[in-house]
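Visitor: The sequence shown begins at 11 in this note's numbering and counts up one residue at a time.
Note that these hints are calculated values from the structure, not bench results.
One or more hints might be untrue.
[Said to hold, decoys possible] The calculated DSS-like cross-link candidates involving lysine-lysine, where the alpha carbons are at most 27 Å apart (straight line), are: (1) LYS41 to LYS16; (2) LYS73 to LYS89; (3) LYS73 to LYS16; (4) LYS73 to LYS41; (5) LYS16 to LYS89; (6) LYS89 to LYS41.
None of these values were measured; they are calculated from a predicted model.
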Amino acid sequence: MTESTKVEGRLVALHWPREAVESTMAVDTTKLQEATAEIEDCSGVTHRVEVLAGWDADYLVGKDVVTSTTADGIVLSEKAE
């Protein structure tokens, strides 16, 4: 596995930090949360990337996603068709 800031591919897994999982009602749902994304690119290589994602981003697992670098960090989003 490799680390990269610009990755496109299928989201294989999204790992939330234990603190975020245990504090479901204390999380500010308007802000992006830190998570670790496992993204498989078109050549079959899986990249493990520390990202910022919306609290409801679990729906992206199995879908095509892209990461982009912002001033706040690397943001995970669904790839536009």
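Visitor: Hint by hint, which ones does this structure get wrong, listed from lowest number up?
Guide: none
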